[in-house]
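Please build the complete structure, drawing on both the sequences and the hints.
Number of protein chains: 2
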Amino acid sequence: MAKPARKTGGTANASEDTSQPKTARGEATRKAILTAAERVIGARGFNDASIGHITSEAGVAQGTFYIYFKSKDEVFHELVLEMGRLVRRELSQATRDIPNRLDAEKAGLTAFLEFVRAHPDLYRIVQEALFVDQDAYNAYYQAFSEGYRKGLEAAVEAGHIRPGDADTRAWALMGISRSLGERLVIWGDTTPIDEIVATVHDMIANGLKP
Amino acid sequence: MAKPARKTGGTANASEDTSQPKTARGEATRKAILTAAERVIGARGFNDASIGHITSEAGVAQGTFYIYFKSKDEVFHELVLEMGRLVRRELSQATRDIPNRLDAEKAGLTAFLEFVRAHPDLYRIVQEALFVDQDAYNAYYQAFSEGYRKGLEAAVEAGHIRPGDADTRAWALMGISRSLGERLVIWGDTTPIDEIVATVHDMIANGLKP
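Note that the protein sequences, when read in sequence, are chains Z and V.
Numbering-wise, the first sequence is residues 1283 to 1492 according to the numbering used here.
Numbering-wise, the second sequence is residues 1283 to 1492 according to the numbering used here.
Do not rely on the hints blindly, as some may be mistaken.
Where chains are identical, the list cannot tell them apart; a pair therefore holds if satisfied intra-copy or between any two copies.
[To be verified] Restricting the straight-line Cα-Cα distance to at most 20 Å, the calculated cross-link-like pairs of lysine to any residue (SDA-like) are:
1) Lys-1432 <-> Thr-1473
2) Lys-1491 <-> Gly-1441
3) Lys-1432 <-> Glu-1372
4) Lys-1432 <-> Ser-1374
5) Lys-1491 <-> Arg-1444
6) Lys-1313 <-> Thr-1346
7) Lys-1491 <-> Pro-1445
8) Lys-1432 <-> Trp-1469
9) Lys-1491 <-> Gly-1446
10) Lys-1313 <-> Ser-1338
11) Lys-1432 <-> Asp-1471
12) Lys-1313 <-> Ile-1349
13) Lys-1352 <-> Thr-1317
14) Lys-1432 <-> Thr-1481
15) Lys-1491 <-> Thr-1481
16) Lys-1432 <-> Gln-1416
17) Lys-1304 <-> Ala-1421
18) Lys-1491 <-> Ala-1480
It is worth saying that the hints were derived from the structure and are not from the lab.
Since we're looking at a predicted model, the values are computed, not measured.
Printed below as a string of structure tokens:
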């Protein structure tokens, strides 16, 4: 696209530079700071959240923050990466033993919505990454769309779903998950997840079956 | 949800307060400022865009901005409202003479993707509204989901689609459009829109038909 590049925060490789804690206590402190940052940035947004808010929420001295992270940008970047890792792990665990793709879609959608309902702040942080740290945002969605595309291609090969462009289908299905996740997080929807999934899976399964 | 309210910019009723230009020339200037703001905020993001950037892009003096808008928040709010108005008009024109819901879904998806490809900056601005002006963001999606829900309920009544929870389906279908729109805007996808729509409509039509 011919448009000026947005500021990406310059933190693309930040996690490689971070001092990794050497002790169990150090690891616990780092984790406490990340958990506090998730809550504070999720609730206030990146610009209004300060390092002081984060350390106060974590119950540590402000100087302690800088032992583990260089900046607010870096902790934000780490949270987006963590959301990606956690969601991919949840989805892979939820779908691992399910051979049929349509059944796996259903289990994956359920696992995703349960994760998002349990981690509303992480969901908001990933959405805000488009405006704060576009490298992290791109990496998050690229990893998902790649995996999704390959899974759909394999399912067409196996005859589990009928032929159709895998990349476009992957973005459409990701869009369904994301929108239903947002309905839980931003709109406070309280419909039981199994009811949401039953409605949507009826559409997806009939829409994709051979 | 039990979480602190985000800053919403306090501009929910801003457009009512704005001085409305009385002359055609005034209207043209106001429009030039809005168009410039769309480009500048879309490219730089809300925080990095300044009123100076906007007036420089519009080719007007900085003081002229304040004849029409109180603040950057107010011009942002107005852009989100405008995106809503324009998209609703496009969709209603594209689907007006189509009696069958499934055909209307296809025409609506096509019109939406064409609009988004032509207005990438407006698309980004609506997404950023979640973090800058949540009232405007909510109003945008509420208007869409309400209209969508009613349309799907009527289609079930008419026997054009099979029964199913209209609200959940509305969010799922909105998610498909949004994700495919984002693929065009953020990822620079160049697939022809009719090919994208053909793939996705195959899934939607089979997923919803009676």
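Consistency of the hints with the structure:
In the homo-oligomer, the alpha carbons of Lys-1432 and Thr-1473 lie at most 20 Å apart only across protomers (19 Å), although the nearest pairing inside one protomer, at 31 Å, exceeds that limit. In this assembly of identical chains, the alpha carbons of Lys-1491 and Gly-1441 lie at most 20 Å apart only when taken from the same copy (9 Å versus 22 Å across copies). Proximity of Lys-1432 and Glu-1372 under a CA criterion of 20 Å is satisfied intra-copy only: 18 Å inside one chain copy versus 35 Å between copies. For the identical chains of this complex, Lys-1432 and Ser-1374 are intra-copy neighbours only, at 14 Å inside a copy versus 36 Å across copies, given an alpha-carbon limit of 20 Å.
Both within a single protomer and between protomers do Lys-1491 and Arg-1444 lie at most 20 Å apart by alpha-carbon distance, with minima of 6 Å and 17 Å respectively. In this assembly of identical chains, the alpha carbons of Lys-1313 and Thr-1346 lie at most 20 Å apart only when taken from the same copy (12 Å versus 50 Å across copies). Both within a single protomer and between protomers do Lys-1491 and Pro-1445 lie at most 20 Å apart by alpha-carbon distance, with minima of 9 Å and 19 Å respectively. For a Cα distance limit of 20 Å, the shortest separation of Lys-1432 from Trp-1469 across copies, 18 Å, qualifies, whereas the shortest one inside one copy, 32 Å, does not.
Proximity of Lys-1491 and Gly-1446 under a CA criterion of 20 Å is satisfied in both settings, with 11 Å inside one chain copy and 18 Å between copies. Taking identical chains as interchangeable, the C-alpha atoms of Lys-1313 and Ser-1338 lie at most 20 Å apart only when both belong to the same chain, with a minimum of 14 Å there against 46 Å between chains. For the identical chains of this complex, Lys-1432 and Asp-1471 are inter-copy neighbours only, at 18 Å across copies versus 32 Å inside a copy, given an alpha-carbon limit of 20 Å. For a Cα distance limit of 20 Å, the shortest separation of Lys-1313 from Ile-1349 inside one copy, 13 Å, qualifies, whereas the shortest one across copies, 50 Å, does not.
For a Cα distance limit of 20 Å, the shortest separation of Lys-1352 from Thr-1317 inside one copy, 17 Å, qualifies, whereas the shortest one across copies, 38 Å, does not. In this assembly of identical chains, Lys-1432 and Thr-1481 lie within 20 Å of each other by CA distance solely across copies; the values are 17 Å between and 25 Å within a copy. Taking the shortest alpha-carbon separations for Lys-1491 and Thr-1481, both the intra-copy value of 16 Å and the inter-copy value of 14 Å come in at or below 20 Å. In this assembly of identical chains, Lys-1432 and Gln-1416 lie within 20 Å of each other by CA distance neither inside one copy nor across copies; the values are 24 Å within and 36 Å between.
In this assembly of identical chains, the alpha carbons of Lys-1304 and Ala-1421 never lie at most 20 Å apart, being 28 Å within a copy and 49 Å across copies at closest. In the homo-oligomer, the alpha carbons of Lys-1491 and Ala-1480 lie at most 20 Å apart both inside one protomer (16 Å) and across protomers (16 Å), since each shortest distance falls under that limit.
In the structure shown, a violation is registered for the earlier hints numbered 16 and 17, in ascending order.
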